[in-house]
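> So the chains spell out like this:
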Amino acid sequence: MLRQDAYDLTTGAGLIACPRCDALHVEEELSVGETARCVRCGGVLARPQSGAFTQIIALAVTTMVLVFASVFFPFLEISRMGLGHGTSLFGVAMALADGAMAPLAVALLGLVVGLPAVRALLLVYTLWPLARKRPPYRHAVRAFRLSEQLKPWSMAEIFIIGTAVAMVKVAGLATISFGPAFWAFVALIFVSVANRSFMCSTTIWDALEDAGASTDGREKVEETKPA
Amino acid sequence: MIDATNDGPVTDAPDHDPAAFTDGQGAPILTAHRAGLLGCRSCGRVWPEDHTTCARCGAKLVPPDRRGLAAVWAWLITGMIFYIPANLLPMMTTQSLGRSTDSTIIGGVLVLLDHGDWFIGGVVFAASVLVPVGKFIAIIWLARMAGKPATVEDAHTRLHIYEVVEFIGRWSMIDVFVVAILAALVQLGFVAAIKPGPAAASFALSVAFTMLSAQSFDPRLIWRGLPLHTRKDH
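Quick mapping for you: the protein sequence lines, in order, are chains Z and S. For what it's worth, the working numbering labels the leading residue of the first sequence as 1, then goes sequentially. For what it's worth, the working numbering labels the leading residue of the second sequence as 1, then goes sequentially.
Calculated directly from the structure, the hints in this document are not laboratory data. Source: prediction; values computed, not measured. Idealized CB from N, CA, C, for every residue including glycine. It is possible that part of the hints are untrue.
Claimed, not checked - What follows is a list of derived Cβ distance ranges for each label pair:
| hint | chain 1 | residue 1 | chain 2 | residue 2 | range |
| --- | --- | --- | --- | --- | --- |
| 1 | S | Glu49 | Z | Ala69 | 46 to 52 angstroms |
| 2 | S | Phe167 | Z | Leu146 | 18 to 24 angstroms |
| 3 | Z | Pro135 | S | Asp154 | 42 to 48 angstroms |
| 4 | Z | Val193 | S | Asp154 | 30 to 36 angstroms |
Unchecked claim - Listing some non-contacts, in silico: residues in chain Z with all C-beta distances to chain S over 10 angstroms:
| hint | residue |
| --- | --- |
| 5 | Ala13 |
| 6 | Glu29 |
| 7 | Ile57 |
| 8 | Lys133 |
| 9 | Arg134 |
| 10 | Ala184 |
| 11 | Ser192 |
Pulled out of the complex, with its shape left as it was, chain Z reads as follows:
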């Protein structure tokens, strides 16, 4: 299991530390479908998938299209006693936009549609050259790290549950009909779930490093091995 020549305990080359419990592991190239788990806490360290980069790019482009659609098409429509009122997601944000609530409106719009779109863009930027076996673009490392940092803040699926609750609250008051943007949003949730199952950030970091993103000269295990 250990390859004595493949790691260096003074520089840390060829080693991986579990981000959850700090246990050291010797880095090994995994083949597709294998899962590396931490020996101490059992957390998943890496899980490469076949053709993952292409899949993630495809899903990210889909996300961008859906986000665009969901922002501008009508989202929900309400009618009661002949009075009707439709709203797009922009409308939802603008409802909060007057006065002191404006920052909240911007934040909500950002969390619901802004971040998923930005993340999709960053992922395409990072992975597009990698999927074509080219060296990564400039700042690809920064782009991917930003995308990872934004991950917990993108809240599209929570918004859909919020919509469901709002439906029930209004149900007695008026009739609701869903617009195309609502369905775009539901599709967005499925896309993001699929994306999550293909994403393995360790694999992407390794690929970035192997493809020549700026590191301080250390490359993957095989190349640091003394001859």
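Given the structure of chain Z, go ahead and fit chain S onto it with the hints provided.
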């Protein structure tokens, strides 16, 4: 109250011994800290202890000590402070046929239950009361237990709680989204109109600060309390 500089009982002393790699069967596990190295929490790369940023992903390298807990406490306390007005002030104001009613978080849940919508009422109650309060308690507990002696089972339990807290944090936003959607949708003039209240903003901030608190918690601290040898026969 919080001694942020004390690094807790030293059970994880540096010990440069390559033979200490685990065999997966309860033998001592070599951590990056014990090997005098620093692991990157963002990408997992390992660096000598004097490095401050990870050269692969650019993240800041932070040693797993209790100093990082100060940020956890700061964000948590801010989040708890914002949770108070979120409950006392109105979440939204409903104007219907000339009557105007304010509703708080609890008020909204009671209305739903009154209508017989037990399930949705339960979802809202869970998302806006049980989850935030549970998160406060869980983070306080994790931060107090961090670095304290633990058995392997304890550590796994704490890690599970940390993972649940990390996962569930975003879901408290449901009620804020509900208010936003209702306010945008229900604009039928005299018949019915809904306006968001100040509690929506403070609730959103409370959720955001609690998320930051959970993110600042370093789960590696959970494992620092483990004794060097996980079995008596070693």
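> All hints are to be evaluated individually against the structure, with a verdict given for each.
Status of each hint after checking the structure:
| no. | hint | result |
| --- | --- | --- |
| 1 | Glu49/S / Ala69/Z: 46 to 52 angstroms | 50 angstroms, holds |
| 2 | Phe167/S / Leu146/Z: 18 to 24 angstroms | 21 angstroms, holds |
| 3 | Pro135/Z / Asp154/S: 42 to 48 angstroms | 46 angstroms, holds |
| 4 | Val193/Z / Asp154/S: 30 to 36 angstroms | 33 angstroms, holds |
| 5 | Ala13 | 8 angstroms, violated |
| 6 | Glu29 | 14 angstroms, holds |
| 7 | Ile57 | 20 angstroms, holds |
| 8 | Lys133 | 20 angstroms, holds |
| 9 | Arg134 | 19 angstroms, holds |
| 10 | Ala184 | 16 angstroms, holds |
| 11 | Ser192 | 13 angstroms, holds |
In summary, the one numbered hint that this structure violates is 5.
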